[in-house]
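Listed in order, the protein sequences are those of chains A and B. Under our numbering, think of the first position of the first sequence as 327, with each following residue one higher. Under our numbering, think of the first position of the second sequence as 327, with each following residue one higher.
Don't read these hints as lab results, they were simulated from the structure. Note that the structure is a prediction, hence the values are computed from the model and not measured. From the three backbone atoms N, C-alpha and C, an ideal C-beta is built for every residue, glycine too. Honestly, I wouldn't trust all of these hints.
Mimicking DSS-like on lysine-lysine, the simulated pairs with C-alpha atoms at most 27 Å apart in a straight line are [what the hints assert, rightly or not]:
id : chain 1 : residue 1 : chain 2 : residue 2
1  : B       : Lys703    : A       : Lys546
2  : A       : Lys546    : A       : Lys647
3  : B       : Lys575    : A       : Lys526
4  : B       : Lys575    : A       : Lys670
5  : B       : Lys462    : B       : Lys494
6  : A       : Lys336    : B       : Lys336
7  : B       : Lys462    : A       : Lys681
8  : B       : Lys546    : A       : Lys575
9  : A       : Lys476    : B       : Lys662
10 : B       : Lys703    : A       : Lys575
11 : A       : Lys569    : B       : Lys546
12 : A       : Lys546    : B       : Lys546
13 : A       : Lys575    : B       : Lys647
14 : B       : Lys620    : A       : Lys678
15 : A       : Lys546    : B       : Lys462
16 : A       : Lys647    : B       : Lys670
17 : B       : Lys494    : A       : Lys662
18 : B       : Lys476    : A       : Lys647
19 : A       : Lys524    : B       : Lys647
20 : B       : Lys703    : A       : Lys703
21 : A       : Lys526    : B       : Lys623
22 : A       : Lys569    : B       : Lys494
If you only want the chain B side, here are some residues facing chain A, beta carbon under 7 Å, derived [what the hints assert, rightly or not]:
id : residue
23 : Ser367
24 : Ser370
25 : Gly596
26 : Leu599
27 : Ile634
28 : Asn644
2 protein chains.
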Amino acid sequence: MKKASLSSLKVNNALLIFESLRNNGPMSRANIARETHLMPSTVSYITSLLLEKRVLKEKGSEEVSRVGKKGVLLDINYEDFLFLGYDVGSAYSRVIVSNGKGDIQYSKRFESKKNDSLLKQIYENIQTVNKKFNIKGIGMAFPGYVNPEKGMVVRAHNLDISNFDVKKVMKKEFNLPAYVDHNTIMMARNLISNNSHKEKDFCIINIGPGIGVGIVNDGKILRGYSNAAGELGHITINSDGRKCNCGKKGCLETESSSKAIVKTYEELSGENLNCEGNCDSSIVYKLAEDGNKKAIKAFERAGYYLGIGIASLVNILNPEKVYIAGGVSYGWKYLKSSVEKSYKENIFYANKDVKLELPSIGEYITALGASTFAFEKYIKEELISRKL
Amino acid sequence: MKKASLSSLKVNNALLIFESLRNNGPMSRANIARETHLMPSTVSYITSLLLEKRVLKEKGSEEVSRVGKKGVLLDINYEDFLFLGYDVGSAYSRVIVSNGKGDIQYSKRFESKKNDSLLKQIYENIQTVNKKFNIKGIGMAFPGYVNPEKGMVVRAHNLDISNFDVKKVMKKEFNLPAYVDHNTIMMARNLISNNSHKEKDFCIINIGPGIGVGIVNDGKILRGYSNAAGELGHITINSDGRKCNCGKKGCLETESSSKAIVKTYEELSGENLNCEGNCDSSIVYKLAEDGNKKAIKAFERAGYYLGIGIASLVNILNPEKVYIAGGVSYGWKYLKSSVEKSYKENIFYANKDVKLELPSIGEYITALGASTFAFEKYIKEELISRKL
């Protein structure tokens, strides 16, 4: 074992204190020492550095009455820094500005452009926000294959982009640090840090052009060995079923994704929606709202397979709750009864109390996950690891 | 936050040091202090107590050359205490005696009795071993629904026992602490602590009368919210398929469990194996060994569905490797090609390198997992928490 250098020890201790305050909320220096097993003198020294950098702030004093003087509470300075969160979707994108707590200062939803125009659109949106707000960094959520360590989008099939070095581009164009991850993972991050959701073991299913699941186990995201966990859309649900884009047959995605709902509607109605593969289920949703029975039927078929798939997921993982999000979930009123029926039929009895629920936060869940993720990374990498 | 009492602080620090040595291997006191963030004086004091209790031992000195004197290495005293590991199976049971490292001193495999006779058999086997060896505690693995916190078997359908308070009975009969868990979890524990398996993210599938999976994520067992994770046997593999004992239809267990293989053979051959539900796949295995084509076919059908089920598991979790264990896996040579074919057909390309493998340790994997689990619990609960 190598002996750590003094400065790396300082950084490690600062990260330890930061994590402890994130998990436990405001604490006095004495309680921080107890939680982290650091020496009180070390806590005193490191917190003074973190207060100087505005990573921490003082926040009143302890409520617990104790013999001797009350300890001043320290907390993470969630409010003083703003971040941009960008949810790049294949149909719609969303941009928000929030502080580290997730308080939204600005939000915008718009149709996504494709390919080169998409990159231009991303650039222009960030430029607009960057002029208006003093943002410290950017969090971006993408579908497809993302390398969060390198800050790169390796391949996002539905957006028709590949090898997009987000980190490098944002540094060059805006001189801002950027942090990238998969959109479903950003959703899960949002639910982890959002205080209204107290579960430690849950899943969030993102149903859009693809179907992914963010798995949270004991408060942490399960990413798998090679960062590829969560491909719920590619479990086999019907081995004699439709051919999937991935090359396999009968994947859940071929029945319950946004495009599958369009396809089912076209099959049932004999109509051609003339969208050359670019339609999403919102067009079928509108038909359902107009009372179109076949459109309603298309949602119900998607729901039937979705219920089987979610039941398999739950039988394997036994989470406390399953959240349903993503574009298709906006048609939940047409999915609900068929999902819940087949889910109930396929759930093992030990999991019969595991409920399905839409997250209360709504459509900005991914963008908010991205901005608060950027906050955390910025504090850890820019303010602590680089500058302490 | 409550202020911790002095004695609970001492216990917490001792547990911290124990865990750190378990995860990192032998370390000097200085490195223990660095790893645990405890003060050197605290490490010195606590390790002296742990050496006195024989929880730790000195083990030569550091290999790394450093300025100043070499630190004496401390390690967990794996070798000095013996534990009994008991794998209670519905067809066969296994008993071993091992130290905390898993070095086997005694092993025995025998047919399991049923119901009251089973309890008598368990008692007699433990008595025999307890007379021969100076064991400090008992680890027991059961199928079915187990409450590890209470040390109870709530319901083991295949053994026809319920509400078996193992902890209480073993205390009364042998004055020994007993630790209980599900057999698949004990298998996973064995692979975690067995040094030849270095994976941090893996699954172990136990195929017997039921089909369970032990999920290990970042070195820790994923148990789920209510301790019910891993019911791979109850994912729906064929919604028009056979009726399952659990009340659902088309569960993986109805196609690939030990009893399902017997059933498939009976269907294919028109024979009745006259076992009133008590047969296991070993009888079909023997027929296959004699060249019976229908017996071989029965394994192949089980393998086909197993491949689909494992692919779904892997697509969700993205482990590094999947181990296949349990009674049915002894017929691996008749399963292998059909499992691997359907697995390959149903695996998402990001997981194409995830391999299936039989664990090298063989049939005592569960009993060994139980005895080394008992070692860990005994040290933590009896030597540290109670007596330090």
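*Out of the numbered hints, which ones does the structure contradict?*
Hints 3, 7, 8, 9, 10, 11, 14, 15, 16, 17, 19, 20, 21, 22, 23, 24, 25, 26 not satisfied by this model.
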